[in-house]
Amino acid sequence: MVENYDIQLEMRKFVAPEFIFGIDSRFKAASYCKKLGARKIFLATDSQISKTFWFLDILASLQTIGVEYTLFSAISPNPRDFEVMAGSEIYKQEKCNLILAVGGGSVIDCAKGIGIVVTNFQHIRNFEGIDMLSSPIPPMVCVPSTAGASSDVSQFAIINNFENKYKMVLISKALVPDVSILDPIVLTTKDLYLTACSGMDVLSHAFEAYTSNAASEFNDLHALEAIRLIDNNLVLNLKNPNNLQLRAKMMLASLYAGLAFSNASLGCVHSMSHSLGGFLDLSHGECNAILLPHVVDFNFSAATDKYIKIAETLNLNPSGLNNNQIKQKLIDYLYNLKEAVNINTNLKIKGVSSDLIPTLASNAINDPCNATNPRPPKKKDLETIFTQAM
Amino acid sequence: MEENWEKYKQKIMGLGDESFKKSYYPELQAKIAELESVNSNLQTIFDSTSDGIVIHDKFGKILSINKKASEMLNINKDSVTDFSIADFFAKDINFSELYSIWEEVLKGKTFSIESTINQNDTQKQFFVHLAMNRAFWYGKDVVVAILSDFTQRIKYENELIIAKSKAEESDRLKTEFLRNISHEIRTPMNGIIGFANLVNRPDISEKDRSNFVSIILKSGNRLMRIIDDILEISKLGAKQVGVDETQVNIFDLLSELYGIYIEKAQERGIELLLKKEVATKKCLIYTDRQKLMRIINNLLENAIRFTHEGYVEFGCGIKNNQVEIYVKDTGIGVELEKQKIIFERFSQAEKGLTRKIGGLGLGLAIAKENALLLGGDIRLESEAEEGSTFFVLLPYKPVISQDEIEAMKQVEVAKKDKYTILVVEDEDENYFYIETLFKIKLKHQYQILHVENGLEAVEICKANPEIDFVLMDLKIPIIDGYEAAEKIKEIRPDLPIIAQSAYASKDNKAHAAIAGCNDFIAKPISLETFSKIIEKYLSE
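If you read the sequences in order, they're chains A and B. Under my numbering, the first residue of the first sequence is numbered 29, with each subsequent residue one higher. Under my numbering, the first residue of the second sequence is numbered 15, with each subsequent residue one higher.
Do not rely on the hints blindly, as some may be mistaken.
Calculated lysine-lysine pairs in the DSS-like style (CA-CA distance at most 27 Å, straight line) [claimed, not checked]:
{"hint": "1", "chain 1": "A", "residue 1": "406", "chain 2": "B", "residue 2": "121"}
{"hint": "2", "chain 1": "A", "residue 1": "407", "chain 2": "B", "residue 2": "520"}
{"hint": "3", "chain 1": "A", "residue 1": "123", "chain 2": "B", "residue 2": "121"}
{"hint": "4", "chain 1": "A", "residue 1": "406", "chain 2": "B", "residue 2": "21"}
{"hint": "5", "chain 1": "B", "residue 1": "45", "chain 2": "A", "residue 2": "62"}
{"hint": "6", "chain 1": "A", "residue 1": "407", "chain 2": "B", "residue 2": "169"}
{"hint": "7", "chain 1": "B", "residue 1": "21", "chain 2": "A", "residue 2": "408"}
{"hint": "8", "chain 1": "B", "residue 1": "23", "chain 2": "A", "residue 2": "193"}
{"hint": "9", "chain 1": "A", "residue 1": "334", "chain 2": "B", "residue 2": "23"}
{"hint": "10", "chain 1": "B", "residue 1": "249", "chain 2": "B", "residue 2": "232"}
{"hint": "11", "chain 1": "A", "residue 1": "193", "chain 2": "B", "residue 2": "154"}
{"hint": "12", "chain 1": "A", "residue 1": "123", "chain 2": "B", "residue 2": "154"}
{"hint": "13", "chain 1": "B", "residue 1": "21", "chain 2": "A", "residue 2": "334"}
{"hint": "14", "chain 1": "B", "residue 1": "81", "chain 2": "A", "residue 2": "123"}
{"hint": "15", "chain 1": "B", "residue 1": "455", "chain 2": "A", "residue 2": "63"}
{"hint": "16", "chain 1": "A", "residue 1": "62", "chain 2": "B", "residue 2": "154"}
{"hint": "17", "chain 1": "A", "residue 1": "41", "chain 2": "B", "residue 2": "21"}
{"hint": "18", "chain 1": "A", "residue 1": "408", "chain 2": "B", "residue 2": "23"}
{"hint": "19", "chain 1": "B", "residue 1": "333", "chain 2": "B", "residue 2": "180"}
{"hint": "20", "chain 1": "B", "residue 1": "138", "chain 2": "B", "residue 2": "123"}
{"hint": "21", "chain 1": "A", "residue 1": "68", "chain 2": "B", "residue 2": "154"}
{"hint": "22", "chain 1": "A", "residue 1": "337", "chain 2": "B", "residue 2": "23"}
{"hint": "23", "chain 1": "B", "residue 1": "23", "chain 2": "A", "residue 2": "41"}
{"hint": "24", "chain 1": "B", "residue 1": "489", "chain 2": "A", "residue 2": "120"}
{"hint": "25", "chain 1": "B", "residue 1": "232", "chain 2": "A", "residue 2": "63"}
{"hint": "26", "chain 1": "A", "residue 1": "68", "chain 2": "B", "residue 2": "21"}
{"hint": "27", "chain 1": "A", "residue 1": "120", "chain 2": "B", "residue 2": "45"}
Everything labelled a hint here was simulated from the structure, so no lab data went into it.
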């Protein structure tokens with residue numbers, strides 16, 4: 029059968045770390061560290077994760093293999109610049125030479141920040157933006173625990189500029205970790221609300237990467253598969269949190285979405301979500317879940333074909349419908365899903381008042397994620413979306 | 015912000031050159047290159063130190079060495095691991111001590127020892143300062159040893175010790191010499207001053223007075239000799255003496271000395287023998303007559319002085335292209351351990367001897383230095399109480415060629431076996447001297463007729479046509495030498511007449527020539543001059 033569509037011929041590249049996917053792959057973390065030349069490991073995590081059984085498994089395997097490590101767990105959600113600086117001091121003091129990050133997006137982003145500081149010798153704030161690093165970070169191995177942020181495969185690091193209350197976006201190919209170890213077992217200790225938020229984060233990654241103006245055939249492949257997996261499994265997973273198949277599928281969705289957005293980048297959902305997270309310290313996944321339908325509404329006209337393809341993937345049967353109907357079907361789907369996963373909130377509930385909107389929009393318009401949004405936004409557009417999401 | 019979005023998008027996609035530098039690989043390559051150059055820099059420093067550096071594992075097995083150590087130990091850098099530190103220590107080292115030091119070093123102490131090490135495969139030894147300390151090398155505890163070679167320093171130290179003891183010995187000898195010199199100078203001075211005080215006293219006899227004067231003269235001469243010796247040794251020491259080579263007939267020189275020393279020997283009741291082992295013409299060499307004379311003088315003087323009974327024999331020969339003059343005595347001899355130092359300045363084999371026999375102990379030193387100046391040396395064979403033989407060795411620089419020597423032998427055979435010689439001399443002593451000269455020069459090949467005045471001389475010439483040669487003193491009774499010569503020439507115009515006189519003025523010489531004398535020699539007649547005359551008139 030002759031294919032009846034053309035593929036994209038504009039030049040694109042795809043960067044991805046080595047990754048291991050599967051049950052009990054966490055035990056591989058220690059030997060990967062050793063393989064990468066670890067003399068002393070900077071083990072970054074957070075206080076919650078450090079109490080899980082599977083984290084102890086990782087520690088045990090490090091001891092078995094006989095590599096020293098220094099534990100650093102003073103990392104909060106929406107990791108802060110001063111946490112990065114504190115961690116880098118410890119890294120230097122302890123003469124570490126490799127980073128093992130075990131945790132969600134916050135832990136991995138903070139660990140990336142520490143990596144930047146220890147090899148570039150300046151304050152983390154000096155590296156905000158794209159390609160600001162002059163030296164690569166130390167070897168880095170990740171064991172992601174949320175199936176959401178996918179920082180473990182991406183070239184992104186998001187660090188909270190605590191003083192100025194906004195999230196700095198740091199983008200560089202050098203921030204792609206060396207190895208990501210994806211063990212579905214680690215997801216079993218996640219609570220349901222976090223599972224829901226992470227799932228919505230993955231979905232927004234996939235939506236934004238797919239509709240990105242820097243998208244490519246291989247990103248599209250991953251993005252659409254991620255959308256399909258979320259659609260088929262997120263709600264089920266919340267009902268059966270101990271089903272390893274469902275956990276693994278969420279993890280795979282996160283991986284695919286991560287590979288897609290790492291290379292195609294994101295859009296306004298993220299620029300605005302970063303602004304909210306920085307200013308009000310809100311949950312990233314929650315913000316994304318709230319913002320996504322409004323951004324689809326804003327972008328639909330600029331990437332209609334892509335959105336139709338998403339609608340097809342979501343089995344929304346767009347054929348025969350006009351664009352507005354399709355758009356509405358998509359927005360409805362997103363509202364329904366948000367409700368189905370029990371994210372029953374909006375920006376007002378989260379503490380956003382209309383007087384904050386100009387500030388939030390000002391911060392958001394400076395975010396590099398806007399660069400790949402299919403419809404180039406103006407600050408005013410972002411204000412409008414914020415207002416709609418109240 | 016908005017206007018930069020396209021640029022941002024391009025950067026995120028990472029297709030520009032910018033994103034390449036974010037890869038590890040260029041960084042790694044740079045790091046590797048940097049490490050390689052750091053390593054090569056360190057290696058350069060490691061290899062350019064003047065000390066040897068040897069890195070051992072904790073059992074003493076060598077892991078690595080630098081260039082200097084490779085040279086010192088004579089081991090190839092590639093084969094270092096075949097060796098251990100213990101392989102290089104001298105066999106007599108205290109290994110248990112070394113072991114305990116090693117243990118301490120492994121505990122972290124730094125140790126420095128001095129030791130001798132043997133080079134691999136050679137006999138060469140080094141004195142080294144060995145500093146050892148523990149270090150970390152490729153993840154292992156090692157001992158780093160720094161080897162500083164102080165062989166050269168030890169050599170200098172030894173040389174200094176020798177030089178110091180030499181200087182001390184020389185100082186001691188000088189002190190001894192000063193003591194001797196004051197004694198030596200004082201003795202003749204006592205004689206001079208003492209007798210000079212007495213000589214004018216009216217109450218002494220003529221005989222005593224003349225005795226005193228002769229003692230004063232003798233003492234004066236002795237003092238002069240002492241002073242000459244001192245001057246000469248100081249000139250020799252300061253290397254201010256040059257060599258003046260002329261044609262010298264060694265045998266004639268020895269004969270002359272024989273003439274001088276025979277009397278002394280007889281006084282001491284010992285025999286003086288002169289032996290000739292070489293043809294006369296072969297004895298004609300180039301050398302410094304005065305210096306050679308000085309050398310043999312010294313040796314003869316010593317030999318006679320130190321011989322109480324028996325004989326002193328001297329002579330010359332030519333061996334291995336060297337002239338060998340020997341002076342042999344049956345005297346007190348020189349002990350083996352003293353044989354070297356007697357040639358040093360101010361030394362005498364027995365310090366006590368000085369008192370008994372006198373002398374400054376400079377003679378042999380002067381002789382030796384003169385011999386060295388002439389390109390030769392002096393050698394001694396002796397045993398205490400058995401006598402000594404001194405050999406003076408000189409480079410043989412003959413005046414005539416070997417062919418001439420051969421030709422000469424033929425001529426000698428054809429020569430007359432016996433000459434008749436007329437000596438006109440009125441003083442007995444002078445006659446005795448002349449007779450001795452003939453004896454030395456012509457051995458038994460002569461017959462001497464002796465007359466004491468001019469008249470007799472003319473008469474004897476008339477009566478004896480076999481006379482071959484006349485030696486005519488000019489100042490003789492009845493008719494003087496000039497007139498006698500004139501008369502003899504009237505009878506025998508071809509008979510060689512040689513005038514001899516203590517008054518060798520130009521006028522005298524001219525007068526003698528007019529009278530018909532063939533030659534003129536001044537008194538005292540040296541053997542050399544005498545020999546020349548004899549050879550000129552008799553050998554032809």
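| request: Find the hints from earlier in the document that the structure breaks and name them by number, from lowest to highest. | output: 1, 2, 6, 11, 14, 15, 19, 20, 24, 25 and 26
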